[in-house]
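**Student:** Guided by the hints, dock chain B onto chain A, whose structure is given.
2 protein chains.
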Amino acid sequence: MRLAELSRRSGVATATIKYYLREGLLPPGRQVNTTTAEYDETHLRRLRLVRAMIQVGRLPVATVREVLGHVDDDSLGRTIRLGAALWALPQVPEPDEDDEFVRAAHREAEELLDRLGWSNAKLLTSISPAYRSLVVAVAAFRRLGYDRDTELLASYAKLMHETAKLDLDFVETHPSEAEKVETAVLGAVLTEPMLGALRRLAQEEESARRYGFE
Amino acid sequence: MRLAELSRRSGVATATIKYYLREGLLPPGRQVNTTTAEYDETHLRRLRLVRAMIQVGRLPVATVREVLGHVDDDSLGRTIRLGAALWALPQVPEPDEDDEFVRAAHREAEELLDRLGWSNAKLLTSISPAYRSLVVAVAAFRRLGYDRDTELLASYAKLMHETAKLDLDFVETHPSEAEKVETAVLGAVLTEPMLGALRRLAQEEESARRYGFE
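Just so you know, the protein sequences line up as chains A and B, in that order.
Heads up, the first sequence is in UniProt numbering, so the first residue is 1 and it goes up one at a time.
Heads up, the second sequence is in UniProt numbering, so the first residue is 1 and it goes up one at a time.
Worth flagging that the hints you see were computed from the coordinates, not collected in a lab.
A portion of the hints provided could be inaccurate.
Identical copies look the same in the list; a pair holds intra-copy or inter-copy alike.
As the list claims (entries may be wrong) - Here are the computed lysine to aspartate or glutamate pairs in the DMTMM-like style, where the Cα-Cα straight-line distance is at most 20 Å: (1) Lys18 with Glu94; (2) Lys158 with Glu94; (3) Lys158 with Glu192; (4) Lys158 with Asp169; (5) Lys122 with Glu94; (6) Lys18 with Glu162; (7) Lys180 with Asp149; (8) Lys165 with Asp74; (9) Lys122 with Asp169.
The following block holds chain A by itself, in its conformation from the complex:
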């Protein structure tokens, strides 16, 4: 398809598509003559991914470029390729390892992984931003004087494991390895707000069931 059709089918203005092409977020089309290039379904898919990261995820162009570099790196196995792409997304700041609450949170997080039998996740604790995010979140609870027991944390973790299975099942419905990785990145950007909304709706439903509306 020509640029005009790519614009029409994607809903992205041609000026914006040209900007993405200049910034290397979209691979060049196949040049058919000096003024015309042909684009295909892979361009449409890539455009969708770039828009999700920029418009919904509000990521800066440099971050989008880094994520796409990992998405396109087919020298990596799937777990590492997924991990590299997702880990390039913005993360929480590093926890302050001198803080007593952070140290306690590390112990609690490691105990949690043991209790859950998440031995693979445990191998990644020194490099995983997800593990660091958990430590920061648990430290915030402890700093405010909430000692939620590991039992409760484990119950939440098991439910999140069920959502992760749904996430990966959906990723697996896509045929090519490139589409799988793209879908995982889209899921990371789009699914979190959706789950947050569903959880708050569920709280309203459950609260009304337990206490009524008065």
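**Tutor:** Positioned in the frame of chain A, the structure of chain B alone reads:
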């Protein structure tokens, strides 16, 4: 306790506590003479809540004041009091009702609530920010060409209902009505990042189980 002890026990600087007192985020202590006031456990708890909203949730002071107004309004029943406090937290922008994807997302969200039997949540769709957030999130998926079926959305919603039950069970472990509402607000600010971290960790664990590390 005196101001110095309130500062020590809460970990909040006395200058910051005085600022919160001036801004009305913390009720005044009991005046024991012209220069000294006495504070109690309710001040400590309120300080914890204010810090969570300002430091972790990064809410502006005006929003914190509005949320606290609902927390303290004991003329309301529990569901409405919880709702009013949580709805005062920052929400997604209003969906654009003229957008075709938003209209499709409304239909999909209503169909989802019917399928789940969330009749209470359905009564609140015209006023609930959680419902609007869901419509915005579903519209984002549709705009990018993802027609995830309602079946998958329902599976996620059921898991979020289980987390909402854990949330409310935890809220109910607190004795007084005021503490219950405070805990619900804290949970809204602190639990979301924790669930996000657990979900990403679970994805790493599940991905490694399915595909290994190579």
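**Student:** What are the numbers of the hints the structure violates, in ascending order?
**Tutor:** 1, 2, 6, 8, 9
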